[in-house]
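If you read the sequences in order, they're chains A and B. For what it's worth, the UniProt record's numbering labels the leading residue of the first sequence as 1, then goes sequentially. For what it's worth, the UniProt record's numbering labels the leading residue of the second sequence as 1, then goes sequentially.
It is worth saying that the hints were derived from the structure and are not from the lab. Being a predicted model, the structure only gives us computed values, none of them experimental. Just so it is clear, CB atoms sit at the ideal spot from N, CA and C, and this is done for glycine as well. One or more hints might be untrue.
[Unchecked claim] 25 Å max Cα-Cα, derived PhoX-like pairs, lysine-lysine:
1) B:100 with A:247
2) A:247 with A:190
3) A:231 with B:95
4) A:123 with A:239
5) A:319 with A:283
6) B:95 with A:202
7) B:142 with A:239
[To be verified] Coverage of chain B stretches by chain A, computed from C-beta distances (three or more under 8 Å per stretch; other residues unrestricted):
8) 6-18
9) 35-45
10) 100-114
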Amino acid sequence: MADDDVDFDNPRDVELSSLSAIYPEIQQLLPDDPYAITLDVPVHPSKAVTVYFPATATDDAPVATGLAPPPPQGAAGAVDSHELAYLPSVHLEITFGPEYPAEQPPRVVISTTPPWIPDGTIKRLEEDAARLWEDMGRDIVGFTYIDHIQQAADGLFELVDGKGSLEVDPRHKIAILDYDIQARKAAFEKETFDCGVCLEPKKGSACHRMLDCGHVFCVACLQDFYNSAIKEGDITAVKCLTPDCAKDRAKGTKSSGKKRKKPRTFINPSELLQIPLDQETVKRYVTLKYKVELESDKNTIYCPRQWCNGAARSKKHKKPQGFNLAETSDDSASDDDDDNDDNADRPEGEVGSKPYKPDDELLAICEECAFAFCSRCHQSWHGEFFRCIPRRDKQELTADELASLEYMRLHSTPCPTCGVPAQKTHGCNHMICSRCQSHFCYLCSSWLDPGNPYQHFNEAPDGRITGCYMRLWELEEGDGDGAGHGFAGGAGGAAVAPPPRVVAIEDLIPIIEEPDDAEDVIAAAAAPPLEPPVNGAQQVGIAREGPLVLRIAANQPAAAGRGGPRGRQPAAGGGAAVPGGIIPPAVPQPPGPARGGGPAARGPRAAAQRGARNRGRGGGNAGLAQRLNQNHHPHNNQLPINNNNPGGRPHAPLARPRHADPHNVAGDDGGGGGGEAGLAPAHEEWVRHFVQLALNDMEGGSDDEEF
Amino acid sequence: MASQNKRIAKELAECTTSPPAGITITLPNDSDLHRWHVTLAGPDNTVYAGGQFGLIVTLPVDYPFRAPVVTFATRIYHPNVTNDSLGNVCLGPLKAENWKPSTRLAGVLEAVRALLVEPQPDDPLEARIADEFRQDRAEFEKNARAYVVRYAKGPVKFDAAVGAAAAGAEAAGGAATGAAVVRP
Numbered sequence: 001m002a003d004d005d006v007d008f009d010n011p012r013d014v015e016l017s018s019l020s021a022i023y024p025e026i027q028q029l030l031p032d033d034p035y036a037i038t039l040d041v042p043v044h045p046s047k048a049v050t051v052y053f054p055a056t057a058t059d060d061a062p063v064a065t066g067l068a069p070p071p072p073q074g075a076a077g078a079v080d081s082h083e084l085a086y087l088p089s090v091h092l093e094i095t096f097g098p099e100y101p102a103e104q105p106p107r108v109v110i111s112t113t114p115p116w117i118p119d120g121t122i123k124r125l126e127e128d129a130a131r132l133w134e135d136m137g138r139d140i141v142g143f144t145y146i147d148h149i150q151q152a153a154d155g156l157f158e159l160v161d162g163k164g165s166l167e168v169d170p171r172h173k174i175a176i177l178d179y180d181i182q183a184r185k186a187a188f189e190k191e192t193f194d195c196g197v198c199l200e201p202k203k204g205s206a207c208h209r210m211l212d213c214g215h216v217f218c219v220a221c222l223q224d225f226y227n228s229a230i231k232e233g234d235i236t237a238v239k240c241l242t243p244d245c246a247k248d249r250a251k252g253t254k255s256s257g258k259k260r261k262k263p264r265t266f267i268n269p270s271e272l273l274q275i276p277l278d279q280e281t282v283k284r285y286v287t288l289k290y291k292v293e294l295e296s297d298k299n300t301i302y303c304p305r306q307w308c309n310g311a312a313r314s315k316k317h318k319k320p321q322g323f324n325l326a327e328t329s330d331d332s333a334s335d336d337d338d339d340n341d342d343n344a345d346r347p348e349g350e351v352g353s354k355p356y357k358p359d360d361e362l363l364a365i366c367e368e369c370a371f372a373f374c375s376r377c378h379q380s381w382h383g384e385f386f387r388c389i390p391r392r393d394k395q396e397l398t399a400d401e402l403a404s405l406e407y408m409r410l411h412s413t414p415c416p417t418c419g420v421p422a423q424k425t426h427g428c429n430h431m432i433c434s435r436c437q438s439h440f441c442y443l444c445s446s447w448l449d450p451g452n453p454y455q456h457f458n459e460a461p462d463g464r465i466t467g468c469y470m471r472l473w474e475l476e477e478g479d480g481d482g483a484g485h486g487f488a489g490g491a492g493g494a495a496v497a498p499p500p501r502v503v504a505i506e507d508l509i510p511i512i513e514e515p516d517d518a519e520d521v522i523a524a525a526a527a528p529p530l531e532p533p534v535n536g537a538q539q540v541g542i543a544r545e546g547p548l549v550l551r552i553a554a555n556q557p558a559a560a561g562r563g564g565p566r567g568r569q570p571a572a573g574g575g576a577a578v579p580g581g582i583i584p585p586a587v588p589q590p591p592g593p594a595r596g597g598g599p600a601a602r603g604p605r606a607a608a609q610r611g612a613r614n615r616g617r618g619g620g621n622a623g624l625a626q627r628l629n630q631n632h633h634p635h636n637n638q639l640p641i642n643n644n645n646p647g648g649r650p651h652a653p654l655a656r657p658r659h660a661d662p663h664n665v666a667g668d669d670g671g672g673g674g675g676e677a678g679l680a681p682a683h684e685e686w687v688r689h690f691v692q693l694a695l696n697d698m699e700g701g702s703d704d705e706e707f
Numbered sequence: 001m002a003s004q005n006k007r008i009a010k011e012l013a014e015c016t017t018s019p020p021a022g023i024t025i026t027l028p029n030d031s032d033l034h035r036w037h038v039t040l041a042g043p044d045n046t047v048y049a050g051g052q053f054g055l056i057v058t059l060p061v062d063y064p065f066r067a068p069v070v071t072f073a074t075r076i077y078h079p080n081v082t083n084d085s086l087g088n089v090c091l092g093p094l095k096a097e098n099w100k101p102s103t104r105l106a107g108v109l110e111a112v113r114a115l116l117v118e119p120q121p122d123d124p125l126e127a128r129i130a131d132e133f134r135q136d137r138a139e140f141e142k143n144a145r146a147y148v149v150r151y152a153k154g155p156v157k158f159d160a161a162v163g164a165a166a167a168g169a170e171a172a173g174g175a176a177t178g179a180a181v182v183r184p
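Just need the whole structure built from these sequences, with the hints factored in.
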């Protein structure tokens, strides 16, 4: 409306011209009526207001259906509230009729989109025009009225309840929230910010406000920084650029007593797209983030297919879909599909209902190639009821497992029959396997004749002796932490790395010199030189088994008294066999010397050789001890060896030829007492018992506990 | 690049016009904004009072996206500064994983000064000095004062350490720059 059109005699023209000067956004309602104007009055309370939307069943599609008036305050408990700074503006349509201002008040129509103001309030506001017109003495009221509406809007039309929140029909929720976002954005873009990175003042339209923390940076800096960080794979750098931002927020939430555990530091891919970053870059960010997450989780299982190596699906780390980091994804349906596809031949009754889940996570499905496999054995999926053995390399054993293995190697002896490792806790070296009832020698793992197990430790009627001759009571206190080092027996004794030979020899010497203080190493200094060993092998034998001889000597008085009676009480004196708790897969075999079957996968041959070596050493040792005894007999005639070996013959030469055929040793050992001739009833019973055990084993399938 | 130089120029202007307490800044080479020579006066009421400590601030090419490197050109007896000609400093905000592009150099220099006021023996570069600081404060103070007298009196010489620092910065280079300085 141009100035020269203004008719200063017409109060309507005067008023309109001043109004449009004050509110430049005023528009003409109808093209042909200059006295009908429209104006939007913003609703922007000085303080953000809490708007809540009482929950209704028709929350989601209310406008479309148009029904369902909101339940009156019924669901006050379930409130959906938001802090809003802007509410949809009030749309005024004011018509100044021809009789205005003298005779007629302005006609006012108020509306909002969406209609979030209750009808009653609207009506009251509309009527305020006439009231004000009257108050003004029926004069021009345009500005007064618009200002009145503006003030009412700032006070939210007194719609705020006592608790400081505004209730709005949930049907308008989306529109109202959207309006708020748009309005905030518009306001943000008008502002000016100092970017903390380039330190330049930037218009809001060139800036981005971080969604989580609200810090503002210019888009150019954010793009530069995030692009280079993502390009270099430095995913952890992709967070707010303000120092200590996350920390401060953590403090803030803590002090405000909110329950949120940890403020999120990483930036959502959707926000990166808003900044905006390239789709390619954001995709890379998502992928890298997923990878880092998988790699930092020790429990991640990777696809056993070499060309794939994808990660198995897991509830914790969902594979991102597109740009979503997929914090919640409902893949369960497709999971089931895969199950069915890949396991068509599974036992029935499992696929659908899954009534029994021994290991929830056994089934793994590769994210990349959808290969279904067992997370334990890494074979293709075999159903839940198949007991499988983990496929693991030696290197993958944990330190604990390695230590257990090592301990078992040092401190247990496998049963020659079933291979179960046994540890002696106390008693003599005649063992009875707790699993298969085999009798065996703890020192060399030889099978012993149940009828006369002690023969193994004695001299055979034909004068032959075994490597365990006279060693029934070695390690009487049991094979534990303290024992085993100087101990050549036991399953692993032979495999131990070279023992401290020199010390052992020195230990050996004092017995001879001073039997009463045999273990006093200090005495070694004064010891006379030992008779040179016959050969290298024998030297080892002496060195390693010396302390054992020494032990007998040290306990000499007791040993002397013990030798007889214990020997005659076979059953009572039997060593207590403690199963190692670890049962290697056992296929029953007849008792035999070559049966190593140890968990460490020692071949039978190795076991046989070990036995041979043990015996060889034992034999050599016996011979040597004999010689020593003879040499020193004048000084010490109480050595137990002497007591038990009245013949005093050196046995080493005899022992030697027997080692040539280790496979025959068991026969020698076990049958040395002449028990081979025929099966005594007791033997028959034992054999039957054993066969029964073997059959049970076959039926029950192998116990596949592993290390 | 241009915008980065602009930021550095801005920061330099800010630091020279209203420098943080006890700090003066010069550019050894006017055409190189990436190398600052900073003279830090030992804060009063500390063992370093009366000393003038030279700091060399090297700004990486992609500053502020990467942390600057701060080294002492003057020898100093301090748990968080290496006791050698490199003078590396252990400063939390300069660690690669902590660095944020909106950290200002003025703040960094303030942090260095704060380190002189209050050493952080729990995060030491020189464990021995840190132990001494905790267990035998008198001995620590004596040693620190001796260093001040010996090295930090008179005009600061940046040259002595320049060669070493430059070599260090070069060797550390690129991505590892921040980390190399922060932790031994």
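Which earlier hints can't be squared with this structure?
-> Violated hints (numbers, rising): 2, 4, 6, 7 and 9; every other hint is consistent with the structure.
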